[in-house]
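**Student:** With these hints in hand, go ahead and build the complete structure from the sequences.
Spelled out, the chains give:
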Amino acid sequence: MDMKVDKKLSLKDRYRHQTRGLGWETTYQPMDKVFPYDKYEGIKIHDWDQWEDPFRLTMDAYWKYQAEKERKLYAVLDAFNQSHGHLNVTDARYINAIKIFFSAFPMLEYTAHRGFSMAGRQFRGVGTRVACQLQSLDEIRHAQTQIHTASNYNKYYNGMHAFTHQLERMWYMSVPKSFFDDAITGGPFEWMVAIGFSFEYVLTNLVFVPFMSGAAYNGDLGTMTFGFSAQSDEARHMTLGLECIKFMLEQDPDNLPIVQAWIDKWTWRGTRVLALVAAMMDYMLPKRVMSWKEAWEIYFEQNGGALFKDLERYGIKVPDCVAQATVEKEHISHQLWAAMYQWNFGTAFHTWIPSPEELDWLSAKYPNSFDKYYRPRWELWAQMEKEGKRHLNTGLAQLCQVCQYPMIFTEPDDPGKLCHREVDYKQEKYHFCSDHCQHIFEREPEKYVQAWLPMPQFYQGNCGGGGVEEFFKWVHLVPGQDNMDFEGSQDQQNFARWKGMATSNQ
Amino acid sequence: MQIDLQTIDIKPLRQTFDHLARRFGDKPASRYQEGTYDIQQTSIFHYRPTWEPDREIFDERRTAIRMKDWYDFKDPRQFYYGTYTITRAKQQESADSAFAFALDAGLADELPAAVKKLVMEVLLPMRHMEWGANMNNTFISAYGYGTAIEAACMYAAMDRLGIAQQLTRIGMAIDGEVALDAAKELWLSAPAWQGLRRYVEDSFVVHDWFELFIAQNLVLDSLLYPFLYLHVEKRASREGSALPGLVTKFMKDWEAETGRWVDAVVKTAVAESAHNKALIASWVKTYSASADAALEALAQPIFGADTAAVVDSIRSDFQVRLQKVGL
Amino acid sequence: MSTVFIAFQATPDARPIVEAILADNPGSVAVENPGMVKVNAEGRLTIHRSSVEERIGRAFDLQELHLHLITISGHLDEDDDQFTLAWRN
Chain V
1 MDMKVDKKLS LKDRYRHQTR GLGWETTYQP MDKVFPYDKY EGIKIHDWDQ
51 WEDPFRLTMD AYWKYQAEKE RKLYAVLDAF NQSHGHLNVT DARYINAIKI
101 FFSAFPMLEY TAHRGFSMAG RQFRGVGTRV ACQLQSLDEI RHAQTQIHTA
151 SNYNKYYNGM HAFTHQLERM WYMSVPKSFF DDAITGGPFE WMVAIGFSFE
201 YVLTNLVFVP FMSGAAYNGD LGTMTFGFSA QSDEARHMTL GLECIKFMLE
251 QDPDNLPIVQ AWIDKWTWRG TRVLALVAAM MDYMLPKRVM SWKEAWEIYF
301 EQNGGALFKD LERYGIKVPD CVAQATVEKE HISHQLWAAM YQWNFGTAFH
351 TWIPSPEELD WLSAKYPNSF DKYYRPRWEL WAQMEKEGKR HLNTGLAQLC
401 QVCQYPMIFT EPDDPGKLCH REVDYKQEKY HFCSDHCQHI FEREPEKYVQ
451 AWLPMPQFYQ GNCGGGGVEE FFKWVHLVPG QDNMDFEGSQ DQQNFARWKG
501 MATSNQ
Chain G
507 MQIDLQTIDI KPLRQTFDHL ARRFGDKPAS RYQEGTYDIQ QTSIFHYRPT
557 WEPDREIFDE RRTAIRMKDW YDFKDPRQFY YGTYTITRAK QQESADSAFA
607 FALDAGLADE LPAAVKKLVM EVLLPMRHME WGANMNNTFI SAYGYGTAIE
657 AACMYAAMDR LGIAQQLTRI GMAIDGEVAL DAAKELWLSA PAWQGLRRYV
707 EDSFVVHDWF ELFIAQNLVL DSLLYPFLYL HVEKRASREG SALPGLVTKF
757 MKDWEAETGR WVDAVVKTAV AESAHNKALI ASWVKTYSAS ADAALEALAQ
807 PIFGADTAAV VDSIRSDFQV RLQKVGL
Chain W
834 MSTVFIAFQA TPDARPIVEA ILADNPGSVA VENPGMVKVN AEGRLTIHRS
884 SVEERIGRAF DLQELHLHLI TISGHLDEDD DQFTLAWRN
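Residue numbers (the numbering used here), protein chains in the order written: chain V, 1 to 506; chain G, 507 to 833; chain W, 834 to 922.
One thing to keep in mind: the hints can contain errors.
Subject to a maximum C-alpha distance of 27 Å in a straight line, what follows is the list of computed DSSO-like cross-link-like pairs (lysine-lysine) [unchecked claim]:
#1 V/Lys33 x G/Lys517
#2 G/Lys533 x G/Lys517
#3 V/Lys372 x V/Lys39
#4 V/Lys8 x G/Lys690
#5 G/Lys533 x V/Lys8
#6 V/Lys499 x G/Lys533
#7 G/Lys580 x G/Lys783
#8 G/Lys783 x V/Lys72
#9 V/Lys447 x V/Lys155
#10 G/Lys758 x G/Lys773
#11 V/Lys33 x V/Lys44
#12 V/Lys473 x G/Lys517
#13 V/Lys155 x G/Lys783
#14 G/Lys758 x G/Lys690
Simulated from the structure, these hints should not be mistaken for lab results. Nothing here was measured: the structure is a model prediction, and the numbers come from that model.
**Tutor:** Here's what the structure looks like:
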């Protein structure tokens, strides 16, 4: 009978009873004391009941579907590991891309998990809390499935062994880490704009979709499987991020300028972080599904464009930074990989100069920029390598106070000139890679002056002591093994030897 | 070209990540270990929280208890997300079949009035208590220290939501949407429920996450779970219905498993130091006093003259449990 | 009008869902990439439960989509019978 009563209710009503029906207005303790953090950011919410649940999974369905996903994922991983699937990737160079991925992402997913636990406790709307809690649970899934996928790679390849230690200490890791530290130290609404909207909706497609398709293309079944499996959760997360934006904008017109400022900030912060992915896609995948520029055009310009057009009704404008990001899609991967090549004595992965064939691919994919600005440089450095004069940059660069990249990016209107901005604040000089990072600083200087910048810390002796050798020890990087060129590396030799064992009777 | 690689014997360079090798030696680590140990950052935070500027993002000072190693809070079930969801999916499947069996057998239609009253007036309002438990465990996941304890609390938080939803399903099966409104009214206004509601609301403003763990997962649950799923249920079956026993299978399976984890956590904290032990004992004492009173108020209308016997039996089982964890 | 899309893992289980979308949404286009298939449509895209059920010969809960989904774009509206992605511009 009464499954019938249940059935007659729509999905929406059933879900309402199973979530917001559980909550109540507290009277023994004031609501403002029970939910102390959802007002201080200035966002005005008049009626939490207007919240539209973005997806409607009750726990029984959640456990059922997620368990099935997990069973499939671990079955693939186990088979991949048992059959030494790592030797079926196109080329051992590929493994360096996933070294960066696995060194950064699990710990960042973990921070996302904690941030969504906070949001899942702090919003006074019940529907909002439940949605955030489910995302918190998903995020720990992602952290763990990534570590489990990395685990077997770590047994056979260098550079991943110290990932927990290095996230806090490795100079380039402070780029994504400061992004998440920035988001989680904001209030719950800013968190939702930063991670739920800007990162999940606007940007994660760029990480997970073309890159994981690239993993598939390069024979890395393990990474592809966890990547797509994780992304199936992201579809829910994106919906949550978008719902949260709409909800804030519909609740009160005063929310618009606050939300707009956050969207401006986090779109730029996220775009900067993704430069790492740009380099991975254009330079580190031996077989490429598409260029970074093409991925950017599909997932940011087309999809993000549709989104911003849709949000116009609320008065939201496309962030100013998009104009610069659009110019930079021609440049960013080349500038970043060149930086990594020059500083690879301090990286826990290997670099290389693109082969002539790869240079041709880059020329074809980047007709407006590559031949003019980047190809000559790679050809020069290749020549220098041949002559035994490998180019290294032993000077340590100034870092941007906000995004924490070294000053490697160029002026938007002059790709031949490095971009550098300065601001004086309370008798100190602060440096920025771009106008947008400078503006982010100027809106919240008291936050960004706190940033722990690896290079100044190094000079102050806080990274193990004075020199590079001490830095290696402090950051747990094994020199000659984890760092420097792919050519001649232990990874390269082992991969060739193991593959030889597999294809002959040695 | 797909090559047959299963036949070759290649030596790994290392068996596990450095941080696990430091803890357990260089040998293959379990997926629980890989997914748990040292995953939370501990130092070098870039910014202070705008919501709590005198603390770091993750900060040991959010509780008064002290641990040399926060990863001593090992989960005896060794849950990581995969094992957690697979376990719960199985439990839910078997609970669903018990639920469906009860309905197919017409037990909901033939519910004796006394049993219906128990379900509607005792079991159903508990969905709000479960929701409170969800909030409290989410709080610990947010502000607790170390992945071992906080991740297990996040699983527990979602379990409590799942249980609240299971209770909702029971109410809907018996009386449709009106059952939920009536139960909420009891929760909000009936004098017998106000002790419990006050306890739950007071717990929402506790700042110390370990104190909250004690208040919710140890004290309150140790009293309410046997009350509901042992004593009230026994009463229902004596009144001639197997329905409550069948539709609450999930909760009983869950409590038997989760209780062991709660005990392991408390035992570890108590064994760590006299400081922790004294603190935890004082929390148990404080919270027991109000939880006992709340329980008595709920038991009185059901058990009448037997109330003291029922409450004493629950209390003495709780005392045994406390002794086992070193309190 | 803007493009909405939905992407699935390239697995046998996802194929009938993709077929249902292509049949029910005139003008929708499937794009194959390694490991995935992405369906683009102008403005709006709907998955009908009944249409998937016809193809798989059994009852289908639209929430099963979560097993195969990679990503979506557009506002989502779902109930027991349909799952729609749309832009409002």
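**Student:** For the pair we were handed, G/Lys783 and V/Lys72, check the Cα-Cα distance against 27 Å.
**Tutor:** violated (44 Å)
**Student:** Hey, V/Lys33 versus V/Lys44, does the alpha-carbon distance stay inside 27 Å?
**Tutor:** Distance of about 17 Å is within 27 Å: holds.
**Student:** Would you check the hint for V/Lys8 and G/Lys690, treating anything up to 27 Å between C-alpha atoms as holding?
**Tutor:** Status holds; Cα separation ~22 Å.
**Student:** Tell me if the straight-line CA distance from G/Lys758 to G/Lys690 falls inside 27 Å.
**Tutor:** Judged against 27 Å, a Cα distance of about 23 Å means the pair holds.
**Student:** Check whether the Cα positions of G/Lys533 and G/Lys517 lie no farther apart than 27 Å.
**Tutor:** holds (13 Å)
**Student:** What's the verdict on V/Lys499 and G/Lys533, does the C-alpha distance respect the 27 Å limit or exceed it?
**Tutor:** holds (24 Å)
**Student:** Hint check: G/Lys758 vs G/Lys773, CA-CA at most 27 Å. Holds or violated?
**Tutor:** holds (22 Å)
**Student:** Has the given pair, V/Lys372 with V/Lys39, been kept, meaning a C-alpha gap of at most 27 Å?
**Tutor:** violated (52 Å)
**Student:** Are V/Lys33 and G/Lys517 close enough, with their CA atoms no more than 27 Å apart?
**Tutor:** With Cα atoms ~58 Å apart, V/Lys33 and G/Lys517 exceed 27 Å; violated.
**Student:** Given the hinted pair V/Lys473 and G/Lys517, is their Cα-Cα distance within 27 Å?
**Tutor:** holds (26 Å)
**Student:** V/Lys155 and G/Lys783: Cα distance at most 27 Å?
**Tutor:** violated (42 Å)
**Student:** Next pair to validate is G/Lys533 with V/Lys8; report whether the Cα-Cα distance is within 27 Å.
**Tutor:** violated (55 Å)
Hint compliance for this structure: hints 1, 3, 5, 8, 9 and 13 are not met, and every other hint is.
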